[in-house]
Amino acid sequence: MAGPSFARSRRRVSGAAGLMWPLLGACLWAAVVGYKPVIIVHGLFDSSDDFKNLQRFINESHPGTNVTVIDLFDRGASLESMWKQVEGFKAAIYPIMQNAADGVHFICYSQGGLVCRGILSILPDHNVHSFISLSAPQAGQYGDTDYLKYLFPQFVKSNLYHLCYTAFGQRVSICNYWNDPHHRDLYVNTSDYLALINSERPNPNSTEWKENFLKIQKLVLIGGPDDGVITPWQSSQFGFYDDNETVIEIQHQDLYLRDVFGLKTLAARGDLFFCTVPGVKHVWWHSNETVFHTCIEKWLV
Numbered sequence: 023m024a025g026p027s028f029a030r031s032r033r034r035v036s037g038a039a040g041l042m043w044p045l046l047g048a049c050l051w052a053a054v055v056g057y058k059p060v061i062i063v064h065g066l067f068d069s070s071d072d073f074k075n076l077q078r079f080i081n082e083s084h085p086g087t088n089v090t091v092i093d094l095f096d097r098g099a100s101l102e103s104m105w106k107q108v109e110g111f112k113a114a115i116y117p118i119m120q121n122a123a124d125g126v127h128f129i130c131y132s133q134g135g136l137v138c139r140g141i142l143s144i145l146p147d148h149n150v151h152s153f154i155s156l157s158a159p160q161a162g163q164y165g166d167t168d169y170l171k172y173l174f175p176q177f178v179k180s181n182l183y184h185l186c187y188t189a190f191g192q193r194v195s196i197c198n199y200w201n202d203p204h205h206r207d208l209y210v211n212t213s214d215y216l217a218l219i220n221s222e223r224p225n226p227n228s229t230e231w232k233e234n235f236l237k238i239q240k241l242v243l244i245g246g247p248d249d250g251v252i253t254p255w256q257s258s259q260f261g262f263y264d265d266n267e268t269v270i271e272i273q274h275q276d277l278y279l280r281d282v283f284g285l286k287t288l289a290a291r292g293d294l295f296f297c298t299v300p301g302v303k304h305v306w307w308h309s310n311e312t313v314f315h316t317c318i319e320k321w322l323v
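Numbering (my numbering), first residue to last: 23 to 323.
Keep in mind that the hints are not guaranteed to be accurate.
[What the hints assert, rightly or not] Below, simulated SDA-like cross-link-like pairs (lysine to any residue); rule was C-alpha separation at most 20 Å, straight line:
| hint | residue 1 | residue 2 |
| --- | --- | --- |
| 1 | Lys106 | Ile144 |
| 2 | Lys320 | Thr298 |
| 3 | Lys179 | Asp168 |
| 4 | Lys171 | Glu102 |
| 5 | Lys74 | Glu319 |
| 6 | Lys171 | Phe67 |
In case anyone wonders, no lab produced these hints; they're calculated from the structure.
Turn these sequences into a full structure, and let the hints guide you.
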């Protein structure tokens, strides 16, 4: 006849089994569904620690997903030149790609969205399925934001070109995508990064870079009118100012109409998507659960 201690032991085993079955089921489901690894690239002045909420959202909605937030160029180091960051992030990301037979997903926030574009342009054998650009200045930046006041207190947007469009300025990340609509020629001829990946000036690698970029399966452009940092906010969806500071939307932009690096091709393929969410400040995009469920979750399969 079993004693009280046996009964208690049996209850403990039963309780543990009850906890293990859902976990086992989740793991088996993940194995069957085969969620692709997710790689997250942070933005200006961020670090990997800022993305714990986003990691949690992904793990709750897609259990068993391998999520990697690349821990490079954190905080002040995010001011390093964009090409230096592209090379560093690429070296860290490439082994993850090589171990993912079915491909990976990119979630790239703010300045990180432009880092990811550089990687996708120069890496011929990447296997990125969904490229999710989360409030990134894809068409450039031109605005008097708190970031600008902190970095360059003696400058405002109208005169920052004096610094950014110099050899010294191009060693600073934000200057690599500073796009002054009133000094278009200086931007095109001086920008060592954005003007090149946009093929806005002759680039011997443009055909190859376009082919590489178009290996993505989906491009998801997320942004919103209350961002407060990306200026104009439509830059997150490839809209930008003309010389009167009137926003020209993506479909009327020259880089789209001439399909210089593949945006029009993606649209024709049905692989270009926009998600606009009002009421979200720039620093909260990656921690906002509504943004995740509305704009990101469905692409992580």
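Evaluated hints:
The hinted pair formed by Lys106 and Ile144 meets the criterion: a straight-line CA distance of about 13 Å does not exceed 20 Å. With a C-alpha separation of about 15 Å, the suggested pairing of Lys320 with Thr298 holds against the 20 Å cut-off. With a C-alpha separation of about 12 Å, the suggested pairing of Lys179 with Asp168 holds against the 20 Å cut-off. Our distance criterion of 20 Å between C-alpha atoms is met by Lys171 and Glu102, whose separation comes to about 18 Å.
Restraint check for Lys74 and Glu319: satisfied, since their Cα atoms lie roughly 16 Å apart, inside the 20 Å limit. Under the criterion of a C-alpha separation no larger than 20 Å, the hint pairing Lys171 with Phe67 is consistent with the structure, at around 14 Å.
In summary, this structure violates none of the numbered hints.
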